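Order-wise, the sequence lines are chains A and B.
Under the numbering used here, the first residue of the first sequence carries the number 1, and numbering increases by one thereafter.
Under the numbering used here, the first residue of the second sequence carries the number 1, and numbering increases by one thereafter.
Take these hints with a grain of salt, some might be off.
Unchecked claim - Below, computed lysine-lysine pairings styled on DSS-like, alpha-carbon distance capped at 30 Å:
id	chain 1	residue 1	chain 2	residue 2
1	A	Lys29	A	Lys128
2	B	Lys116	B	Lys104
3	A	Lys152	A	Lys116
4	B	Lys128	A	Lys116
5	B	Lys29	A	Lys29
6	B	Lys29	B	Lys128
Said to hold, decoys possible - Cβ-Cβ distance ranges computed for the label pairs, FRET-style:
id	chain 1	residue 1	chain 2	residue 2	range
7	B	Lys29	A	Ala76	24 to 30 Å
8	B	Pro126	A	Gly212	35 to 41 Å
9	B	Arg26	A	Pro220	23 to 29 Å
What the hints assert, rightly or not - A short list of chain B residues far from chain A (calculated; beta carbon distances all over 12 Å):
id	residue
10	Val31
11	Gly37
12	Glu96
13	Gly102
14	Arg141
15	Lys152
16	Glu180
17	Glu197
18	Arg224
Calculated from the structure, these hints are not laboratory results.
These numbers were taken from a predicted model, which means no experiment stands behind them.
Where is the CB? At the ideal position from N, CA and C, for every residue including glycine.
There are 2 protein chains.
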Amino acid sequence: MNLILFDPEEIQHDRLACLRDPRRLRHLKEVHRAQVGDVMTVGIRNGGIGRGELTLLSDDEARFTLDDIGITPPPALPVHLVLALPRPRMLARSLEHVTALGVKEVTLLHTRRVEKSYWQSPELDPAKIHEHLLLGLEQARDTVLPEVHLAKGFRPFVEDRLPALLTGRRGLLAHPGMPEPCPRGLDGPAVLLIGPEGGFIPYEVERLLEAGCTGIHLGPRILRVETAVVALLARLF
Amino acid sequence: MNLILFDPEEIQHDRLACLRDPRRLRHLKEVHRAQVGDVMTVGIRNGGIGRGELTLLSDDEARFTLDDIGITPPPALPVHLVLALPRPRMLARSLEHVTALGVKEVTLLHTRRVEKSYWQSPELDPAKIHEHLLLGLEQARDTVLPEVHLAKGFRPFVEDRLPALLTGRRGLLAHPGMPEPCPRGLDGPAVLLIGPEGGFIPYEVERLLEAGCTGIHLGPRILRVETAVVALLARLF
């Protein structure tokens, strides 16, 4: 927690912020070993960043007086990430990684090799997803919450949603064996598509290439999704 | 497990391989749902890669007949990674990530902000480290085991070991706030130094710069060590 991130509803009278949830309270006490009078980096969700002074810390509440909260959060990555739904634990970590890296649009996609049971995982509960996004923001000192969309059918996604996403954006399909290496330092917006463990099936690759995506690869090594997603974003941007 | 990796001691009569450890047996049965007659990608530790046919699968043994094991493993990254010892769970995952990406030399370093208790963690047991390296190799279809060195003192490392490491290699100190952005697509060998959570202290940064390292950064976002290490390697190589 490199930033205490307040929900706008936690701000009272403009300058006073108050948090009551056990997770942040525990973190303040056990990791920060915070004491009244400490000044910390704070932010307001989807708003600015600044300093806040801790004025009260009890068992069920922490109160801060906010200073000027006028610093803009770090720039976002110009990418819409389309990720075949990973297994639950990998999903949790991948959401934290990509949020910390500055991704603001994520679509979780069903593909042939995604196990159907993954769609029933409690990790897909909006509250759980929200929690992982917050962890990523708090890590990277960002305030702007990514949007996560679910696309439970491959064909409807490719036919109905992908064309709009690709308008004005370069489509990049990351898949082992594609002819081009992953480009370095893109200068425009992109849609980055990453398959599940085991990869996209040939039919899916074909449909995505037909839709206008360029196939790219990261070399001969097969990477776990959470490694590949960070490596691709770091190389592209 | 995208590769069944055999220890040279598990090879009998040149063409017959036999494994008995519960981890790989369980993986073969539960994830691969392997059956006698299946042909799989296999490799020999620090040796070649090829195909093996499963000829027996029992409760405590799997036997393979190996085909020509003549494929060279994927190229290594020309980097010696010096990582301030992360907390145990982060260490485990970081070792898997960097092994999968092709790092072959890792030094785990003590710095001021590394908690001393981390050096007592069971994750530093050579057998545990070996296990994480194997998982990384099996993931990336590689056979060449990285070497992991422990440097429990910062000054002895900088004074006695770093000068030799920097001979013929570019030293890169990844640290927030350094003037240069992380370069893209290095063409020579490097030593990459990454600090702990909370970063190197100013004295350490000074000493590493004096030793000849160049300070680089990944932008304004503060990343977890396991995210940063993958992002840096992907951007550098």
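When the hints from earlier in the document are held up against this structure, which numbers fail? Violated hints (numbers, rising): 4, 5, 7, 8, 10, 12, 13, 14, 17 and 18; every other hint is consistent with the structure.
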